[in-house]
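Q: If you want the building blocks of each chain, they are given just below.
Number of protein chains: 2
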Amino acid sequence: MPGELEDCSVYIRDVREASQTYSKGNFGYPMSGGFLELDLVEAAFLVQANRLEVFHKKKRMGFAELFDYASGKVDNFDIKYIVFKDLRERGFIVKPESGSFDLRVYPRGMSPSNSAPLYMVCAVSERAALDIGEFLNEVSQSEDRGKQLLYGVVDEEGDLTYYKMAMMDPEGKVLPAEGTAKAVGKLVGDRIFVFDKDQGQALHDEAFYGKDMQGVLQLSLIEGCYLIGKGELEVLNRKGKGMSDKDLVSFGRKTQDEFDLRLRTYVDLRNRGLVVKTGFKYGTHFRVYEKSPDDCHARYLVHAVPVSTVAMWPEISRTVRLSGGVKKEILFARVSNEIEYLEFKWFKP
Amino acid sequence: MPGELEDCSVYIRDVREASQTYSKGNFGYPMSGGFLELDLVEAAFLVQANRLEVFHKKKRMGFAELFDYASGKVDNFDIKYIVFKDLRERGFIVKPESGSFDLRVYPRGMSPSNSAPLYMVCAVSERAALDIGEFLNEVSQSEDRGKQLLYGVVDEEGDLTYYKMAMMDPEGKVLPAEGTAKAVGKLVGDRIFVFDKDQGQALHDEAFYGKDMQGVLQLSLIEGCYLIGKGELEVLNRKGKGMSDKDLVSFGRKTQDEFDLRLRTYVDLRNRGLVVKTGFKYGTHFRVYEKSPDDCHARYLVHAVPVSTVAMWPEISRTVRLSGGVKKEILFARVSNEIEYLEFKWFKP
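The listed protein sequences derive, respectively, from chains A and B. Residue 332 in the UniProt record's numbering is what sits at position 332 of the first sequence, and the numbering runs on without skipping anything. Residue 209 in the UniProt record's numbering is what sits at position 209 of the second sequence, and the numbering runs on without skipping anything.
No lab work stands behind these hints, which were simulated from the structure alone. Not one of these hints is a red herring.
30 Å max Cα-Cα, derived DSSO-like pairs, lysine-lysine: (1) K239(A) with K254(A); (2) K327(B) with K164(A); (3) K345(B) with K328(A); (4) K73(A) with K241(B); (5) K58(A) with K241(B).
Okay, the calculated beta carbon distance ranges per label pair: (6) N50(A) with E178(B): 30 to 40 Å; (7) M312(B) with D260(A): 15 to 25 Å; (8) D205(B) with N50(A): 16 to 26 Å; (9) D205(B) with K173(A): 58 to 68 Å; (10) S244(B) with E143(A): 46 to 56 Å; (11) S98(B) with K164(A): 52 to 62 Å.
Note that beta-carbon positions come from the ideal geometry of N, C-alpha and C, so glycine has one too.
Please model the entire structure based on the sequences and the hints provided.
A: Written out as structure tokens, the structure reads:
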């Protein structure tokens, strides 16, 4: 079956073949006169499958030549092609898109003529930077349109991993009480110790603050800042002088990376009734419980990221795979005026 | 039982109590006259366990006061105390050390009088930077002395995680052949395509280079550089002009972080007979096979780090936990004149 390459399209002008190509697999876009217009991605796929011969200025073009030509015309053609091919081979009808998304995918057995798309797909190289801001636009666009957003990430050997993303609204049952406890803590090294057993116990009982070390309660700097803010804790420095919340925050900033991001996320999660503990063992900022940590496992791992984060796929890949291994949901908390929670999940379409 | 605090030691001068404290738990260091000298860590532990009363200038000191005093005398006292206490409570005799290590630990049921130490332990806060260079010294010191090196890492809530480390010497069975294959590839985007089916097949058969996409072989930039160097590949740029290995390396550097580190590690691993593929899905640089990837799972995940790396514990924690979840061994390849492989393992003493 012959097609003619012109700029960014291949035209099938034999009416019977045009109709067959369209009906068998939903390739291309029917034109007036019964012709069919194919995208370069579609055309390359059909050439590689030996279902199409492409001619350019009367000369036949092999797959390699067409691939090379298309790579010069279309940004990121190789990546789009790899994702397109993979999804077609999984039995989906796939249509190239222009704009924020690269491909739209119809439910198995369905096509543009009888269904709305199921997935909107961005095809990216693992080396592409992911701007969380741009991504959020895409999520809300995609959710508004009732579709699911997938990223198809192609690694350096051409292997594909899909990620599904969604906005989340986590909530828990441990709402912080009005400042009932009142404790005195001492700043030692990079943590705060409450040496009075009863005071420590009261804090722990209120909403599972700190960690008990045989009658001595250890609080993290984040917990300390939060509790000073609530009027439930007084912190003394090495010399026994009281520290204001401002003093402690500025000490925290010197001691810990991304302290403000963490603190804002901690406060927001606490206000949502969640119990928040360090995620150190999981390599994330926090692990988060919906109820008492004595009665349940942490449901979420939360990692705070600034508005302007340009996260890299390898980082996301690592974090997501990690949370998969431990059966927890990973949320990225994007901290601006508000805090938005984004879920990234490994996905098999 | 009373003890007297002087500077950095607590002295038990009642001979009977001194002898009992030493024989029941191996605390302290016997002195002439039957007295016993205790470390601050040991003394604090005994005070918290209600086995010791400490007096300073005739005044009794509670646990909080002693802890506070010790924190002013000893760097990192709180961290050392937490690790010391945890190991004692696991049933080990633990002795404070000075120098590169913080604690030495004897086999369960054994003590300094009848055994050599089993573990040498560094007690660190999760926020401490780990200098890989310094660490390597410690590993070789510790291995020379026939002991195992543990890091006890205390997170911000006082939870402890132990890591065991060792030097490794990975080897595989797929030694690269003398340049038998000869292929032509085209650089497209950030990868190289070998469009000739037979040429691609030959490369793949030789030592599992690249990834087949239905007759088209995709090579990563790293593989491309390696194969040009071996004289088995010619790479053409977008304009069809041949690229030297220098051209391709400089393109790689522009496209990919830490390209030289990766390439040097790739070549070293290949020379060790290992099959090396991207570790993207695992969030590391490489996954590494001892035999054909068709016949076995990857045994190692390898992450290349520069000589001067000051790795942070959360990063290590994440990577190690990750590799535990997928049952692979994680190696850090430290690239200097030679490449040294370090294993980090989660450990329960």
